[in-house]
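Kindly generate the complete structure, drawing on both the sequences and the hints.
2 protein chains.
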Amino acid sequence: MSFRILIVDDEPALQSMVREILTQAGYETLSALSCAQALEQFRAAPPDAVLLDVMLPDGDGFSLFGKLRENRDMPVLFLSARDEDADRLQGLGLGADDYITKPFLPQELLLRLRAVLRRVYREEGSASKLGDAEIDWGKGTVRRDGREAALTAKEYALLRKLWDARGNIVTIDALCAALWDGPLVGYENTLMVHIRRLREKIEAEPSHPSYLLTVRGLGYRLNVEGGT
Amino acid sequence: MSFRILIVDDEPALQSMVREILTQAGYETLSALSCAQALEQFRAAPPDAVLLDVMLPDGDGFSLFGKLRENRDMPVLFLSARDEDADRLQGLGLGADDYITKPFLPQELLLRLRAVLRRVYREEGSASKLGDAEIDWGKGTVRRDGREAALTAKEYALLRKLWDARGNIVTIDALCAALWDGPLVGYENTLMVHIRRLREKIEAEPSHPSYLLTVRGLGYRLNVEGGT
DNA sequence: GGGTACCTTAAGATTAGCTTACTTTTTCCC
DNA sequence: GGGAAAAAGTAAGCTAATCTTAAGGTACCC
Chain A
564 MSFRILIVDD EPALQSMVRE ILTQAGYETL SALSCAQALE QFRAAPPDAV LLDVMLPDGD
624 GFSLFGKLRE NRDMPVLFLS ARDEDADRLQ GLGLGADDYI TKPFLPQELL LRLRAVLRRV
684 YREEGSASKL GDAEIDWGKG TVRRDGREAA LTAKEYALLR KLWDARGNIV TIDALCAALW
744 DGPLVGYENT LMVHIRRLRE KIEAEPSHPS YLLTVRGLGY RLNVEGGT
Chain B
564 MSFRILIVDD EPALQSMVRE ILTQAGYETL SALSCAQALE QFRAAPPDAV LLDVMLPDGD
624 GFSLFGKLRE NRDMPVLFLS ARDEDADRLQ GLGLGADDYI TKPFLPQELL LRLRAVLRRV
684 YREEGSASKL GDAEIDWGKG TVRRDGREAA LTAKEYALLR KLWDARGNIV TIDALCAALW
744 DGPLVGYENT LMVHIRRLRE KIEAEPSHPS YLLTVRGLGY RLNVEGGT
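Going down the list, the sequences are from chains A and B.
For the first sequence, my numbering begins at 564 and goes up steadily by one.
For the second sequence, my numbering begins at 564 and goes up steadily by one.
It is worth saying that the hints were derived from the structure and are not from the lab.
There are no misleading hints in this set.
In this list, chains with the same sequence are indistinguishable; a pair is considered to hold if it fits within one copy or across any two.
Computed list of lysine-lysine pairs in BS3-like fashion (alpha-carbon distance at most 25 Å, straight line):
#, residue 1, residue 2
1, Lys702, Lys724
2, Lys702, Lys692
3, Lys724, Lys630
4, Lys665, Lys630
5, Lys630, Lys717
6, Lys692, Lys724
7, Lys692, Lys717
So, in structure tokens, the structure goes:
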């Protein structure tokens, strides 16, 4: 199972060095030289983890961090040349998974990344169980009593967002924000249609869902405890 | 939710300092001054995470690490005075979740611990206790003697408003403002109905409330001190 | 004991969400 | 580049959970 790691750093030398290290270790890498590129890459295909430099040409890593985490609670490790206490505390305080200062040992970077990935994607590998349905994130498919259904891009994003918050209510606004950029109004009905289609793939009885539950007036919630 | 953290270090000064930091932050602490003590503590009651010094009187932290992880895959963060590359790599290579070198900032220790705990025990939507009722804000439910009741949107907003001001009186006007936009007149009676319904979910005797109290002429007040 | 403030219940109204079919857009393959 | 198939978006009628109204009842305070 190969993880896709997004490297956000504007120094070409460091970019290629890190890419080299990760590739050697069997990871798949994506590159971004600026905040804008990072967001673009992220939207195109969200990575499994992000290595993020604090200083970027078009903004600082901290605010980029906020934008990324808004969408997905994925592992983020800061890489920074600045070893000021204040910076480290800020980065970690925001909720980063690690803060590594340059220069660093290639080996240490790998180990720290591995430590985080191990916790986040522990036993799941790239599959998750949802009652009698099995989600394969890598392939983007759902299996239920033998049948395998492929998820569309929107369905995938929707399920992922709900899965990240599994057990908890996710507001309609948050879901719309995860599926579309720009103004999050006017898509409520479309969202419902996607919810329906997703239910048809993961639920035994789409009209009486056991997992993807409606919480009227508040949003939707992915019920993890075996359904009824 | 309080985590039990085991601190393994033979310097009494550092022991008490770390204990102080963690206690302040709301964690429960356990202490061990040696490998033997650590294993004993572990057997008696496995902690949720371990802070582990590398140098101990009766053995090194690395081998203790192995013994602990053999039994349980819990978070372990090394604390060490030795900042040799080789040590860091060894610690992380074994599968530790972090490796922090002394001296460290108390704040950083807390943040790094928090980062790991967040991943391992994915915090479920923070729960609040209200006497014998338990509110799960993430799920939008209330549990009382085994039974779980889902809150409606209005009930949720109402309870939230009262909880935010728990202990203090909230005026009818303030509650109406929280539940409806626009002019806050004409809804007083409706509010009462919602209060009633909320009481039916959180109170043992809705007509003789212990928590959601009426303050005649002023408003309502959420009584936090476990009523009876 | 009278008045006011709050409670309680049930029935009716409302509206958030469901469902289905249809249209438009995108993707992919020749 | 063009045509087919898949995905995404739109619309409209429907359903039922939830909210609101209303009317009679109860407790508290002077």
